[in-house]
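Engineer: Letter by letter, the chains look like this.
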Amino acid sequence: METIKLIYPVEGGDLIEAGEASSKMKLTLKKLGLPQDIIRKASICMYEGEINMVIHADGGQAEVEVDMNQITIRMIDSGPGIPDVEKAMQEGFSTAGPTARELGFGAGMGLPNMKRYSDDLTIDTTVGKGTTVTVIIKIPQ
Amino acid sequence: MRLGEIAKILDATVIYGKDLLDRDAASACGSDFMSDVLAYVKKQAVLLTGLVNPQVIRTADMTDIICVTFVRGKHPTPEIVELARARDIVLLSSDKRMYEACGLLYSNGLRG
Chain A
1297 METIKLIYPV EGGDLIEAGE ASSKMKLTLK KLGLPQDIIR KASICMYEGE
1347 INMVIHADGG QAEVEVDMNQ ITIRMIDSGP GIPDVEKAMQ EGFSTAGPTA
1397 RELGFGAGMG LPNMKRYSDD LTIDTTVGKG TTVTVIIKIP Q
Chain B
2 MRLGEIAKIL DATVIYGKDL LDRDAASACG SDFMSDVLAY VKKQAVLLTG
52 LVNPQVIRTA DMTDIICVTF VRGKHPTPEI VELARARDIV LLSSDKRMYE
102 ACGLLYSNGL RG
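Taken in order, these protein sequences are the chains called A and B. Quick note, the numbering used here runs 1296 ahead of the 1-based positions in the first sequence. Quick note, the numbering used here runs 1 ahead of the 1-based positions in the second sequence.
It is worth saying that the hints were derived from the structure and are not from the lab. In this text, a Cβ means the ideal position worked out from N, Cα and C, and glycines have one as well. Mixed in with the good hints there might be a few duds.
Stated by the list, open to error - Okay, derived cross-link-like pairs now, PhoX-like style, lysine-lysine, Cα gap no bigger than 25 Å in a straight line: (1) K44(B) x K1326(A); (2) K1326(A) x K1411(A); (3) K43(B) x K1411(A); (4) K1320(A) x K97(B); (5) K75(B) x K1327(A); (6) K44(B) x K1411(A); (7) K43(B) x K1434(A); (8) K97(B) x K1326(A); (9) K44(B) x K1434(A); (10) K1327(A) x K43(B); (11) K1320(A) x K9(B).
Unchecked claim - If you want the ones that stay clear, here's a sample from chain A, every Cβ over 12 Å from chain B, calculated: (12) L1311; (13) I1312; (14) S1319; (15) E1344; (16) A1353; (17) K1434.
What the hints assert, rightly or not - Computed Cβ-Cβ distance ranges for the label pairs, DEER-style: (18) R73(B) x S1374(A): 15 to 25 Å; (19) T1391(A) x K19(B): 39 to 49 Å; (20) T1299(A) x N109(B): 40 to 50 Å; (21) P1379(A) x P79(B): 23 to 33 Å; (22) K1326(A) x G104(B): 43 to 53 Å; (23) E1298(A) x K44(B): 45 to 55 Å.
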């Protein structure tokens, strides 16, 4: 399989509509014929990343690369950055506001879930400049 | 457990998916917190929730949930039904409260 690159803009502002990019990626991964388990993991990671991006950074861009070995998802935003990454990785810690909570999010599970469902997670963040969260999901051979 | 049996046990109305009730659910999950659903739900599950918004359907889609049951008599808007229809996710609505609905399914053999 050649490396496939996919780019999905993530609109900011409207949390009710968030998730469209993840839905589109899931459909594409299905068309590529990847195993259902792998698609599920990638979809959950991307969805959590997308929700985070809308809540905290007013949107951004998702870049997805698929090759025969792995799926790499990069969630790139120009938001406020994460001041304390260690704290952000703790289950239950959240700075999300009431709107996110009303919709069933803001439980402090976003980044921990991305870690749970991926084989590797890295966070590159600068306060005041933005954050790139990269997850890798390996495809069993 | 077949979705049709779940609808019967919960005395639920089928909002979408009357022709999909022969599908088999392997597990169930009850929560109003989509973050928890994303963390803990197993494959081919039924979600019971009192939360009604489009993110419930998107969460179900991402986690391969096959049926969403709205408890406490909640009903989704036409937009939410359309999202579920496009993803072939069965929608049920039951007047039962979350605790009772989960208890009924569990005692009839559907585990979490």
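Engineer: Could you run down the list of hints and mark each one as holding or not?
Structural biologist: Each hint, compared with the structure:
1. K44(B) x K1326(A): holds (16 Å)
2. K1326(A) x K1411(A): With Cα atoms ~22 Å apart, K1326(A) and K1411(A) stay inside 25 Å; holds.
3. K43(B) x K1411(A): Holds - the C-alpha atoms of K1411(A) and K43(B) are around 17 Å apart, at most 25 Å.
4. K1320(A) x K97(B): Violated - the C-alpha atoms of K97(B) and K1320(A) are around 35 Å apart, more than 25 Å.
5. K75(B) x K1327(A): violated (35 Å)
6. K44(B) x K1411(A): holds (19 Å)
7. K43(B) x K1434(A): holds (20 Å)
8. K97(B) x K1326(A): Violated, at roughly 36 Å.
9. K44(B) x K1434(A): holds (19 Å)
10. K1327(A) x K43(B): holds (23 Å)
11. K1320(A) x K9(B): violated (34 Å)
12. L1311: Since the minimum Cβ distance to chain B is about 8 Å, L1311(A) lies within 12 Å and the statement is violated.
13. I1312: violated (6 Å)
14. S1319: violated (6 Å)
15. E1344: violated (6 Å)
16. A1353: holds (18 Å)
17. K1434: holds (19 Å)
18. R73(B) x S1374(A): 15 to 25 Å: For S1374(A) against R73(B), whose Cβ atoms are near 41 Å apart, the range 15 to 25 Å is violated.
19. T1391(A) x K19(B): 39 to 49 Å: holds (43 Å)
20. T1299(A) x N109(B): 40 to 50 Å: With a Cβ separation near 48 Å, T1299(A) and N109(B) satisfy 40 to 50 Å, so the hint holds.
21. P1379(A) x P79(B): 23 to 33 Å: violated (42 Å)
22. K1326(A) x G104(B): 43 to 53 Å: violated (35 Å)
23. E1298(A) x K44(B): 45 to 55 Å: At 30 Å between Cβs, range violated.
Checked against the numbered hints given earlier, the structure breaks hints 4, 5, 8, 11, 12, 13, 14, 15, 18, 21, 22 and 23 and satisfies all the rest.
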